[in-house]
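Trainee: Given next are the chains, with one letter for each unit.
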Amino acid sequence: MDENVIKVENLVKYFDGRCVLDGINFDVPQGCIYGLLGRNGAGKTTIIRILLGLEPATRGETSLLGRKSTRLPAKIRGQIGCVAEGHNLIQNYKVSRLIKLCKDLSRQWNGESFDHLMETFRLPRDRRVRDLSMGMRAQLNLALAMAIDPELLILDDPTLGLDTVARRQFLELAIDIIQQQGRTILFCSHILSDVERIAERIGILAAGKLVVDCSLEELKTRVKKLRIIFPESPPDDLYLTEIINRQIQGREMAITVANWNRQKQAILETFKPSSCTEVPMSLEDIFIECTRPDSEPIEAA
Amino acid sequence: MLTLIKREIRDHVVYFFAAVIFSSILISISLTPIFESRRHYRLLSGLGTVITITAIVIFGFFAMGVGQMYTDKNRKISAFLSTLPVSRSRILIARIVTGTLAILTLIVPQVIVTIILLRLYAPPVPVYSGFIAEVFAGIFLTAFACYCIGLQAGWSSSSIVPAMGGFGLTCILVSLILIKGFGLHIIVILILFIIASLIRIRHLFTSTPL
Chain A
1 MDENVIKVEN
11 LVKYFDGRCV
21 LDGINFDVPQ
31 GCIYGLLGRN
41 GAGKTTIIRI
51 LLGLEPATRG
61 ETSLLGRKST
71 RLPAKIRGQI
81 GCVAEGHNLI
91 QNYKVSRLIK
101 LCKDLSRQWN
111 GESFDHLMET
121 FRLPRDRRVR
131 DLSMGMRAQL
141 NLALAMAIDP
151 ELLILDDPTL
161 GLDTVARRQF
171 LELAIDIIQQ
181 QGRTILFCSH
191 ILSDVERIAE
201 RIGILAAGKL
211 VVDCSLEELK
221 TRVKKLRIIF
231 PESPPDDLYL
241 TEIINRQIQG
251 REMAITVANW
261 NRQKQAILET
271 FKPSSCTEVP
281 MSLEDIFIEC
291 TRPDSEPIEA
301 A
Chain C
302 MLTLIKREIR
312 DHVVYFFAAV
322 IFSSILISIS
332 LTPIFESRRH
342 YRLLSGLGTV
352 ITITAIVIFG
362 FFAMGVGQMY
372 TDKNRKISAF
382 LSTLPVSRSR
392 ILIARIVTGT
402 LAILTLIVPQ
412 VIVTIILLRL
422 YAPPVPVYSG
432 FIAEVFAGIF
442 LTAFACYCIG
452 LQAGWSSSSI
462 VPAMGGFGLT
472 CILVSLILIK
482 GFGLHIIVIL
492 ILFIIASLIR
502 IRHLFTSTPL
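Protein chains in written order, with the numbering used here: chain A, 1 to 301; chain C, 302 to 511.
Simulated from the structure, these hints should not be mistaken for laboratory data.
A few of these clues could be false.
Stated by the list, open to error - Listed next, the in silico DSBU-like pairs over lysine-lysine satisfying Cα-Cα at most 35 Å (straight line):
| id | chain 1 | residue 1 | chain 2 | residue 2 |
| --- | --- | --- | --- | --- |
| 1 | A | K7 | A | K100 |
| 2 | A | K209 | A | K220 |
| 3 | C | K481 | A | K100 |
| 4 | C | K374 | A | K209 |
| 5 | C | K374 | A | K7 |
| 6 | A | K103 | C | K307 |
| 7 | A | K68 | A | K209 |
| 8 | A | K68 | C | K481 |
| 9 | A | K272 | A | K220 |
| 10 | A | K75 | A | K103 |
| 11 | A | K103 | C | K481 |
| 12 | C | K377 | A | K68 |
Claimed, not checked - Every beta carbon over 10 Å from chain A, so not counted as near; a handful from chain C, in silico:
| id | residue |
| --- | --- |
| 13 | F318 |
| 14 | V387 |
| 15 | T415 |
| 16 | L418 |
| 17 | L419 |
| 18 | G431 |
| 19 | F506 |
Said to hold, decoys possible - Anything over 10 Å on all C-beta distances counts as not near chain A; from chain C, calculated:
| id | residue |
| --- | --- |
| 20 | L305 |
| 21 | A364 |
| 22 | F437 |
In this text, a Cβ means the ideal position worked out from N, Cα and C, and glycines have one as well.
From just these sequences and the hints, can you work out the full model?
Mentor: Here it is in structure tokens:
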């Protein structure tokens, strides 16, 4: 099998003539925890739905565990655990009935691990799914996804709608599970702190394009925000490539630039700025810069 | 597959109860003339009732098809099941098997009772030997065809037009049978219609985003 568990090649998706995904490419190698970020409606869920074969792509190809998403056999589906956005469990079923259904349909079922999670989450088995709180539904969904000992775990905004305590509890348990079992995980969210805690590699979606695809550490070192003060008004063009964002206020110019290096620094120095200071950036700052409407994609270093 | 069929039956058990109730009503209608005088008159009167109930039942199977698909779409059942090791084709096959079982729940007791009655109270005139087979095959195929129309209408129930179109098609189908009667030609037409419907349903069900 290919060492890339998830492959997305030139993925294009249109909804009613509107381009939602515009040539997305990324791979997730085995054992990697990939955080897919994007604002609401950026297309994160659409990518996941296409990957799972729930939605057809307009163009391009996606594959999971070496098989095309459009033709995922039951055996491969049995190796994929999925926590969907909004936790689309069968609402009118009792928890016990839903568990039995999943157990009967699954190819492998780790009852011990599942019971442990049910006890940890204190989930009632005799209540209907629709009567559970959003947090409980998220926990039940995670427990069901983990019970099959999945090779690949897809988490689509699993903490959406959870309160702070429930979110923290959910993430801590998810991290425990991830660390114990070393699985490949695709984690989609717009809550950056969640992704920052879990993900090794980051992809940022903006305006239908994947503007960032690199490791979290690399992202933090590659993207720099500089505050430059010029003796007079700033030049119209700095002749620097990969400027993600630029703002001018009086003599001050703030630029966010990717792949900052000595060459770029030398070009900047030719403009003889009065001062140039680096502004520390969190993942949230990088995300905001990258998802601005006029931002440029970050090319590979 | 068995799990999927069991799930479908349990979710739509009301249709099976209805099939059993209608089956009992039809059997009691068939048996009533035997215990009464003016047998032939009653038999004709009973026949009218049977046709009425059969028509109701056939529309019932249309409703079952609509119900199964609409519930699925509304509760996102297939969307959830598709995240488990289950293909959409298997979900659909399980659904159709359940529909077939519901139709058989209604028809099989009728066949048994009719055969017994004909043996016990053979009519004075000779009867075509394939009569029962043709009539019940016709009823089964009609019910199944209506069920298939229901499945299609239920899956595209987001607008009223396909649902009403399906209902209209069911009316045409039932009228055709009431006018032409059961026979080999009707059986062939129904089989062709069912094959076309199943291909269409499979395409709709497997290609629509869940």
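Trainee: I'd like to know which numbered hints this structure contradicts. Please list them from smallest to largest.
Mentor: Hints 3, 8, 11, 14, 20 not satisfied by this model.
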